[in-house]
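Based on these hints, arrange chain B on the given structure of chain A.
The listed protein sequences derive, respectively, from chains A and B. Letter by letter, the first sequence follows residues 1 to 287 of the numbering used here. Letter by letter, the second sequence follows residues 1 to 331 of the numbering used here.
One or more hints might be untrue.
[Unchecked claim] Only part of the chain B face toward chain A is listed, based on derived beta-carbon distances under 7 Å:
hint, residue
1, 51
2, 55
3, 104
4, 107
5, 110
6, 111
7, 118
8, 119
9, 122
10, 126
11, 248
12, 283
13, 285
14, 286
15, 288
16, 289
Treat the hints as calculated values from the structure; they're not laboratory data. Treat the numbers as computed from the prediction; the structure is a model and nothing was measured. Beta carbons are placed, not taken as given, at the ideal position from N, Cα and C, and that holds for glycine.
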Amino acid sequence: MSTILVQVIVGGLLLGAIYALFSSGLTLVWGMMNIVNFAHGDFVMLGMYVAFVVYTMLGAGPLLGAPLATLALATLGVIVYFGLIRSIMKGPMLAQILGTFGLALLLRYSVFWWFGANFLSLPENIVGGTFDIGGLRIQASRLLAGVVALAVTLGLHLLLTRTSLGSKMLAVAEDSTAAQLMGIRPDTMQAIAWAIAAGATGLAGALIATFFYIVPTVGETLGIVAFVTVSLGGFGSVPGALVAGLLIGVIESLSAYLIGAVYKDMVVYSLFLGFLWFRPQGLMGKS
Amino acid sequence: MRRLLWPSVLLALVAAYPLLFSTPFQQRLGALVLLYAIAASAWNIVGGYAGQVSVGHVVFFGCGAYAAMGAYAHFALSPLVGIPVGIVVSVAIAALVGVPTLRLSGHYFSMATIAVAELVRLIVANTDYLGAGVGLSGPTVPRNVFDLSFISALPYFYLFLMVLAITLGITWWMTNSRMGFYLRAIKDSERAARSLGAPASRTKLYAFMLSAGLTSVAGALYAILFGFVDPESGLGILISVKILIMAALGGAGLLFGPLVGAAILVPLEEISNNLLGGKGAGLTFVLYGAIIVLIARFQPGGILTLINRVWARRNAGKPDIEAVKGAAHAP
Chain A
1 MSTILVQVIV GGLLLGAIYA LFSSGLTLVW GMMNIVNFAH GDFVMLGMYV
51 AFVVYTMLGA GPLLGAPLAT LALATLGVIV YFGLIRSIMK GPMLAQILGT
101 FGLALLLRYS VFWWFGANFL SLPENIVGGT FDIGGLRIQA SRLLAGVVAL
151 AVTLGLHLLL TRTSLGSKML AVAEDSTAAQ LMGIRPDTMQ AIAWAIAAGA
201 TGLAGALIAT FFYIVPTVGE TLGIVAFVTV SLGGFGSVPG ALVAGLLIGV
251 IESLSAYLIG AVYKDMVVYS LFLGFLWFRP QGLMGKS
Chain B
1 MRRLLWPSVL LALVAAYPLL FSTPFQQRLG ALVLLYAIAA SAWNIVGGYA
51 GQVSVGHVVF FGCGAYAAMG AYAHFALSPL VGIPVGIVVS VAIAALVGVP
101 TLRLSGHYFS MATIAVAELV RLIVANTDYL GAGVGLSGPT VPRNVFDLSF
151 ISALPYFYLF LMVLAITLGI TWWMTNSRMG FYLRAIKDSE RAARSLGAPA
201 SRTKLYAFML SAGLTSVAGA LYAILFGFVD PESGLGILIS VKILIMAALG
251 GAGLLFGPLV GAAILVPLEE ISNNLLGGKG AGLTFVLYGA IIVLIARFQP
301 GGILTLINRV WARRNAGKPD IEAVKGAAHA P
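Only chain A is shown next, with the shape it has when bound in the complex (with noise of 0.2 Å):
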């Protein structure tokens, strides 16, 4: 194989690697709550922008921008859990996907007005220079973003099958009533959950910004990556999401390269529809 297509293949491995941070987050509410967020990508968006303004505010890079962002997201997960969620997770379908996807407009929206429809940009050395790997030259930026998230999307796996809150989490997603007789309270875990879904966008929006362009609608893609991302890895698994995303990072990557970059999405969301008409299960899932 080439240098470039390796080049190619790792660079879409690393992108992927964030897709699989922030889809995990999806994921995680889809399986426990039984219901899709529909304003997932504008969350990354809110993270990018967090990360933009701690950089034009206080002139600090990813180290403090992407904890503050997590922060912020988390923060809001909960306000949105309580405010919103609650009360439309028992409602009809038709109240659950306009609650979240109006949550989405609201969001995409006020940034759009506050910040205008400019395509801002964190400048390209914030995190300093590329490397030389055999070879492969790869941006500082995009190494640290991939391996972080990489790392986190582990954590989140770990946390969730090793720790006693993610045995808790797990016991609410089985069967709410029950955990609550074992005495663990529904509300609590859920809005953990919200805070740990939308913290999850909110590091992978701030460590995306760090070579991503900015922009209020890039929620909407972003979104439906997400969308794809759980779709094929089976709602409600964080292993799934992970493999599913490094996959779609890669083939985004290697259809920007192979057929030219305004068909990457084409490809992702052709790929998302076929999906649904032969394997709606996604790829690990049991039929």
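Only chain B this time, still in chain A's reference frame:
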């Protein structure tokens, strides 16, 4: 005959509107209200009656708009000729998306509709035959009456009123047919309906295809009114948003809900665009987002359901739960 009384009064009032409010701006506003009411009523068939929330309905709207303009731009035919083409393509897309997703939980359907709308927008924006980023234009100077290019908004108003009446007639007919009974059963409990032998997936698919075809007619009329279509005005996600919010605000699953929603929101948007100028576009959608969230949170049935509830309470002198529940299904 009493049940026909209110619809007839409403129709008479709407028909008299352009005579009472006769400035060009008011007539054009009226035509726009009716146009969006057609699209939102068409959405209502799948979103309200079948309970499947399509968030990518603009794809059908765009099919109609592009077919109408394409008929003129490429074949020098009347835009009207494009309408059947738009309907056929829309129904085909609806089947393609509906067959796999309507068997699954409603979330998949919503996600698939948003993805297919974006996919089609990207494809059209990169296809030179369809005008790519610039779009297609209709006749600027009408050759004959079938070009439907008028200076006054009055002919459009009555044309749209006619199409709206047909759309509502089809909806009304559907709710009283076997399909309407199936849809009501499925919406109450899909599992129960299936176990009693209602063909749930197929019924939802038919509703989706019917809705898609009617939406494409609305799209064609939109392009005819404005004389052009481009990827943003014909296939942008914000058109989906407008269609959806009008139906939901007025009352999803109620015959006149979308018309009420359009009559509130179209003037609101015009006013906010006029008052706020360029900045208005962003703020209008902030407002739309807030309205959608509030409807979902507090009044998923929309304004008409609220009015019906108050009405039922007044008539009965006490809160009447059954009347309220029944109201959601009454035509």
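Each hint, compared with the structure:
1. Given hint, residue 51/B at the interface with chain A, holds; its Cβ is 6 Å from that chain's nearest Cβ, closer than 7 Å.
2. A cut of 7 Å between beta carbons decides the hint on residue 55/B: the least distance to chain A is about 6 Å, and the hint holds.
3. Checking residue 104/B against chain A: minimum C-beta separation of about 6 Å stays under 7 Å; hint holds.
4. At about 4 Å, the closest approach between the beta carbon of residue 107/B and any beta carbon in chain A falls short of 7 Å, and the interface hint on this residue holds.
5. The closest approach between the C-beta of residue 110/B and any C-beta of chain A is roughly 5 Å, which is under the 7 Å cut-off, so the hint is satisfied.
6. At a threshold of 7 Å, the smallest CB-CB gap from residue 111/B to chain A is about 4 Å, leaving the interface hint in force.
7. Given the 7 Å rule on beta carbons, the hint for residue 118/B holds: about 6 Å separates it from the nearest Cβ of chain A.
8. Given hint, residue 119/B at the interface with chain A, holds; its Cβ is 4 Å from that chain's nearest Cβ, closer than 7 Å.
9. Interface hint status for residue 122/B: upheld, as the beta-carbon distance to the closest one in chain A is roughly 5 Å, under 7 Å.
10. At a threshold of 7 Å, the smallest CB-CB gap from residue 126/B to chain A is about 6 Å, leaving the interface hint in force.
11. With a least beta-carbon distance of about 6 Å to chain A, the hint placing residue 248/B at the interface is held under the 7 Å criterion.
12. Using the Cβ-Cβ criterion of 7 Å, the hint placing residue 283/B at the interface with chain A is satisfied: the shortest such distance is roughly 6 Å.
13. The closest approach between the C-beta of residue 285/B and any C-beta of chain A is roughly 4 Å, which is under the 7 Å cut-off, so the hint is satisfied.
14. The interface hint given for residue 286/B holds, since its Cβ lies 4 Å from the closest Cβ of chain A, which is under the 7 Å cut-off.
15. Proximity of residue 288/B to chain A holds as hinted, the smallest CB-CB distance being about 6 Å (cut-off 7 Å).
16. The closest approach between the C-beta of residue 289/B and any C-beta of chain A is roughly 3 Å, which is under the 7 Å cut-off, so the hint is satisfied.
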